[in-house]
Amino acid sequence: MTHRASPRIRLTAGGPTFKKARATPGGSKKRKSPKKTRKFSKKQLAARKPLDQSWRHLYAAVGRRDWPAGRVACAAVSNEINQLAANLTLEDRHLLLEYRQRIGEGEARDRGLQDP
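Residues in the sequence shown are numbered consecutively from 306, following my numbering.
Honestly, the hints are just simulated from the structure, not real lab data. Treat the hints loosely; a few may be bogus.
Unchecked claim - For lysine to any residue, the following SDA-like pairs were computed, each having C-alpha atoms within a straight-line distance of at most 25 Å:
| id | residue 1 | residue 2 |
| --- | --- | --- |
| 1 | Lys344 | Val377 |
| 2 | Lys347 | Ala391 |
| 3 | Lys354 | Lys324 |
| 4 | Lys347 | Gln419 |
| 5 | Lys354 | Asn392 |
| 6 | Lys347 | Val367 |
| 7 | Lys348 | Leu393 |
| 8 | Lys344 | Tyr404 |
| 9 | Lys348 | Arg376 |
| 10 | Lys347 | Ser383 |
| 11 | Lys354 | Ala413 |
| 12 | Lys347 | His399 |
| 13 | Lys354 | Gly417 |
| 14 | Lys354 | Ala328 |
| 15 | Lys354 | Tyr404 |
| 16 | Lys348 | Gln358 |
| 17 | Lys344 | Ile386 |
| 18 | Lys354 | Arg376 |
| 19 | Lys344 | Asn384 |
| 20 | Lys344 | Tyr364 |
| 21 | Lys354 | Lys325 |
| 22 | Lys354 | Glu410 |
| 23 | Lys344 | Arg376 |
Said to hold, decoys possible - Simulated restraints on C-beta separations:
| id | residue 1 | residue 2 | range |
| --- | --- | --- | --- |
| 24 | Ala365 | Leu418 | 31 to 39 Å |
| 25 | Pro373 | His399 | 18 to 26 Å |
| 26 | Leu389 | Lys325 | 42 to 50 Å |
| 27 | Gln349 | Gln419 | 21 to 29 Å |
| 28 | Val377 | Arg327 | 52 to 60 Å |
Quick caveat: nothing in here was measured; it's all calculated off a predicted structure. Yeah, the Cβ is synthetic: ideal placement off N, Cα and C, and Gly gets one too.
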């Protein structure tokens with residue numbers, strides 16, 4: 306048995322008590338979850354402002370199920386993405402693909418409701 310398993314060492318080392326360490330799900334160590342959002346510099350944030358504005362238009366159009374306006378907003382977002390560096394817009398490209406598919410599905414669903 307190593308010295309690390311002894312509760313006396315935890316008490317003298319300033320860590321949590323043995324019961325508190327066992328009560329926490331991950332033991333006495335706290336693990337930080339990785340951040341999924343990317344940090345941008347001030348220049349990159351300034352360059353992304355038109356892109357963010359185009360994203361807002363796209364979110365609003367899809368939210369109100371206005372598919373023609375959604376198509377126009379998709380084109381605007383695509384143009385803004387193409388103006389920025391490719392390594393900064395990878396997540397945006399994936400999200401844009403999802404929105405294009407969502408718009409296509411919404412158009413097909415609405416056409417199906419209007420036919421009968």
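Status of the hints after comparison with the structure:
no. : hint                           : in the structure
1   : Lys344 with Val377             : violated (28 Å)
2   : Lys347 with Ala391             : holds (18 Å)
3   : Lys354 with Lys324             : violated (51 Å)
4   : Lys347 with Gln419             : violated (48 Å)
5   : Lys354 with Asn392             : holds (17 Å)
6   : Lys347 with Val367             : violated (29 Å)
7   : Lys348 with Leu393             : holds (12 Å)
8   : Lys344 with Tyr404             : holds (23 Å)
9   : Lys348 with Arg376             : violated (29 Å)
10  : Lys347 with Ser383             : holds (22 Å)
11  : Lys354 with Ala413             : violated (32 Å)
12  : Lys347 with His399             : holds (24 Å)
13  : Lys354 with Gly417             : violated (37 Å)
14  : Lys354 with Ala328             : violated (46 Å)
15  : Lys354 with Tyr404             : holds (20 Å)
16  : Lys348 with Gln358             : holds (16 Å)
17  : Lys344 with Ile386             : holds (17 Å)
18  : Lys354 with Arg376             : holds (20 Å)
19  : Lys344 with Asn384             : holds (22 Å)
20  : Lys344 with Tyr364             : holds (22 Å)
21  : Lys354 with Lys325             : violated (47 Å)
22  : Lys354 with Glu410             : violated (29 Å)
23  : Lys344 with Arg376             : violated (29 Å)
24  : Ala365 with Leu418: 31 to 39 Å : violated (22 Å)
25  : Pro373 with His399: 18 to 26 Å : holds (24 Å)
26  : Leu389 with Lys325: 42 to 50 Å : holds (48 Å)
27  : Gln349 with Gln419: 21 to 29 Å : violated (43 Å)
28  : Val377 with Arg327: 52 to 60 Å : holds (58 Å)
When held up to the earlier numbered hints, the structure conflicts with 1, 3, 4, 6, 9, 11, 13, 14, 21, 22, 23, 24 and 27 and fits the remainder.
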